[in-house]
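Chains A, B, C and D are the protein sequences, given in the same order.
Note that the first sequence covers residues 1 to 74 in our numbering.
Note that the second sequence covers residues 1 to 74 in our numbering.
Note that the third sequence covers residues 1 to 152 in our numbering.
Note that the fourth sequence covers residues 1 to 152 in our numbering.
Because the hints were derived from the structure by calculation, they are not lab data.
A portion of the hints provided could be inaccurate.
[Claimed, not checked] If you want the footprint, here are the derived chain D segments under chain A, 3+ residues with CB under 8 Å:
| no. | region |
| --- | --- |
| 1 | 16-30 |
| 2 | 40-48 |
| 3 | 66-79 |
[Claimed, not checked] Derived, one-sided and incomplete: chain D residues facing chain C with beta-carbon distance under 7 Å:
| no. | residue |
| --- | --- |
| 4 | E7 |
| 5 | A12 |
| 6 | L34 |
| 7 | R36 |
| 8 | G37 |
| 9 | F105 |
[Unchecked claim] Computed list of chain B residues with no C-beta within reach of chain C, every gap over 10 Å:
| no. | residue |
| --- | --- |
| 10 | W31 |
| 11 | R34 |
| 12 | P70 |
Glycine included, every Cβ here is placed at the ideal spot set by N, Cα and C.
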Amino acid sequence: MRILFFGRLGDLAPAGPVPPGVRDTGALRAWLGRDRPELLDASIRIAVNDEMVLGNRALDEGDEVAFLPPMSGG
Amino acid sequence: MRILFFGRLGDLAPAGPVPPGVRDTGALRAWLGRDRPELLDASIRIAVNDEMVLGNRALDEGDEVAFLPPMSGG
Amino acid sequence: MIAVQAEPFEAAVLLADFSARAAGAGAIASFIGLVRGENDGALVSGLELDHHPRLTERTIEAIAADAAARFDLIDVAIVHRHGALAPGEAIVFVAAAAPHRRAAFDAVDYVMDRLKTEAPFWKREQRSDGAHWLEARDSDHADRRRWEAEPR
Amino acid sequence: MIAVQAEPFEAAVLLADFSARAAGAGAIASFIGLVRGENDGALVSGLELDHHPRLTERTIEAIAADAAARFDLIDVAIVHRHGALAPGEAIVFVAAAAPHRRAAFDAVDYVMDRLKTEAPFWKREQRSDGAHWLEARDSDHADRRRWEAEPR
Numbered sequence: 001m002r003i004l005f006f007g008r009l010g011d012l013a014p015a016g017p018v019p020p021g022v023r024d025t026g027a028l029r030a031w032l033g034r035d036r037p038e039l040l041d042a043s044i045r046i047a048v049n050d051e052m053v054l055g056n057r058a059l060d061e062g063d064e065v066a067f068l069p070p071m072s073g074g
Numbered sequence: 001m002r003i004l005f006f007g008r009l010g011d012l013a014p015a016g017p018v019p020p021g022v023r024d025t026g027a028l029r030a031w032l033g034r035d036r037p038e039l040l041d042a043s044i045r046i047a048v049n050d051e052m053v054l055g056n057r058a059l060d061e062g063d064e065v066a067f068l069p070p071m072s073g074g
Numbered sequence: 001m002i003a004v005q006a007e008p009f010e011a012a013v014l015l016a017d018f019s020a021r022a023a024g025a026g027a028i029a030s031f032i033g034l035v036r037g038e039n040d041g042a043l044v045s046g047l048e049l050d051h052h053p054r055l056t057e058r059t060i061e062a063i064a065a066d067a068a069a070r071f072d073l074i075d076v077a078i079v080h081r082h083g084a085l086a087p088g089e090a091i092v093f094v095a096a097a098a099p100h101r102r103a104a105f106d107a108v109d110y111v112m113d114r115l116k117t118e119a120p121f122w123k124r125e126q127r128s129d130g131a132h133w134l135e136a137r138d139s140d141h142a143d144r145r146r147w148e149a150e151p152r
Numbered sequence: 001m002i003a004v005q006a007e008p009f010e011a012a013v014l015l016a017d018f019s020a021r022a023a024g025a026g027a028i029a030s031f032i033g034l035v036r037g038e039n040d041g042a043l044v045s046g047l048e049l050d051h052h053p054r055l056t057e058r059t060i061e062a063i064a065a066d067a068a069a070r071f072d073l074i075d076v077a078i079v080h081r082h083g084a085l086a087p088g089e090a091i092v093f094v095a096a097a098a099p100h101r102r103a104a105f106d107a108v109d110y111v112m113d114r115l116k117t118e119a120p121f122w123k124r125e126q127r128s129d130g131a132h133w134l135e136a137r138d139s140d141h142a143d144r145r146r147w148e149a150e151p152r
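Throw the hints in and build the complete structure from the sequences for me.
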């Protein structure tokens, strides 16, 4: 599983190997958040394989998970 | 006195010499309106010497009076 | 950049000039009004723009000054054609440069609403069904009234 | 004309291209967002635009499609930079061509509001007082909510 941090989250420590018990976005956020509590904030959104995720979503080995802080385009 | 018609009023017959009794914009409009009733319509505005006139305004020999139908700039 | 001219202009060239001089702007909004090739289902072969020369310049200068007073702008431009225009040609170019986008958007919108209802131009369309004098539409007057309240 | 690119662009050139292809338009509204040389009283020496490449393109395409569905448009353009930008450089260019001006104005306004709040870009300003990540302002979110009602 590939984990990406964008914007100000890019300063966070990279994620190590994900434990086998982490099988959805909610569990992934909780696991990463133990060392990186800013990821638990509701303003941080998640995209899986280039699609925004609302609520919880199951994760597979090959998935790419992106953590997105509030955006500032334009 | 010079009298100008703009826009669709440009098709009107040109105004002849103004009688001596016509000494303000109200009287001028009434005099011209006898043969050109469209000039009596409230939507037709008057400018004297390049300034819009609200209400009545005295007129002198050398004045230039413009009759302006509703505008369509832009 | 305020002009009323018979000569055609390239709006993109005007925008390039305007942008180059708008140092420090974070936002540049612009608008181009063009002669359409059809109206009410009739083909348009040309547009004639009658105007009152000195009153036009005076009105446009006043509109630009009012926009500058009302919105937080760095600069504003208004360029307007008169005379004979062909379909596809630009009638008017308006641009506003500002620190932030809301002022730039609002200023261009405001200038266009005032030009439509207050600038002494009169348009005659040459159509397949004859020549027609145009007047500002009811929606133009309604748009103009949006600005009668105090600036927000 | 939809693009997300690291290369600088000339907005006036984009507008010239866009206008040339917008046959039949009566109105072309456009917007340029630029890197400002100061913010909150601090000098800005540069702007870094982080982005999520594929999600960005997908989001911008969706915003353009939504604008085309919502407003009576002939065409819409969105060009957005990413990477390292210098003060005065254009960040974003948006243009909309329409038969009438209200649709063109509203479409550009709408696209900008959605880009500010939904496009996966993150801005870091290099200022005299250090590097600062920017986020959409409260006014950006308030502007975005204006479009949540049904189109008029």
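Hints, one by one, checked against the model:
Coverage of a stretch by a chain is defined here by at least three residues with a beta carbon nearer than 8 Å to that chain's beta carbons; for the region 16-30 of chain D and chain A the count is 0, and the condition is violated. For the region 40-48 of chain D, the proposed coverage by chain A is not satisfied: 0 residues have a C-beta within less than 8 Å of a C-beta in that chain, short of the threshold of three. Taking a C-beta to C-beta cut-off of 8 Å, the region 66-79 of chain D contributes 0 residues in contact with chain A, too few for the three needed, and the coverage statement is violated. At its closest, the beta carbon of E7 (chain D) sits 18 Å from a beta carbon of chain C; the interface hint therefore is violated under the 7 Å criterion.
Because the beta carbon of A12 (chain D) sits about 4 Å from the nearest beta carbon in chain C, less than 7 Å, this interface hint is met. The restraint placing L34 (chain D) at the interface with chain C holds, with a minimum CB-CB distance near 6 Å, inside the 7 Å limit. The restraint placing R36 (chain D) at the interface with chain C holds, with a minimum CB-CB distance near 4 Å, inside the 7 Å limit. Checking G37 (chain D) against chain C by beta carbon gives a least distance of about 6 Å; that is within 7 Å, so the hint holds.
This hint holds: F105 (chain D) has a C-beta 6 Å from the nearest C-beta of chain C, less than the 7 Å allowed. The Cβ of W31 (chain B) lies farther than 10 Å from every Cβ of chain C, with a closest approach of about 22 Å, so its non-interface assignment holds. With a cut of 10 Å on Cβ distances, R34 (chain B) stays outside the contact zone with chain C, its closest approach being about 23 Å. The Cβ of P70 (chain B) does not lie farther than 10 Å from every Cβ of chain C; its closest approach is about 5 Å, which violates its non-interface assignment.
Against the hints set out earlier in the document, violations occur for numbers 1, 2, 3, 4 and 12.
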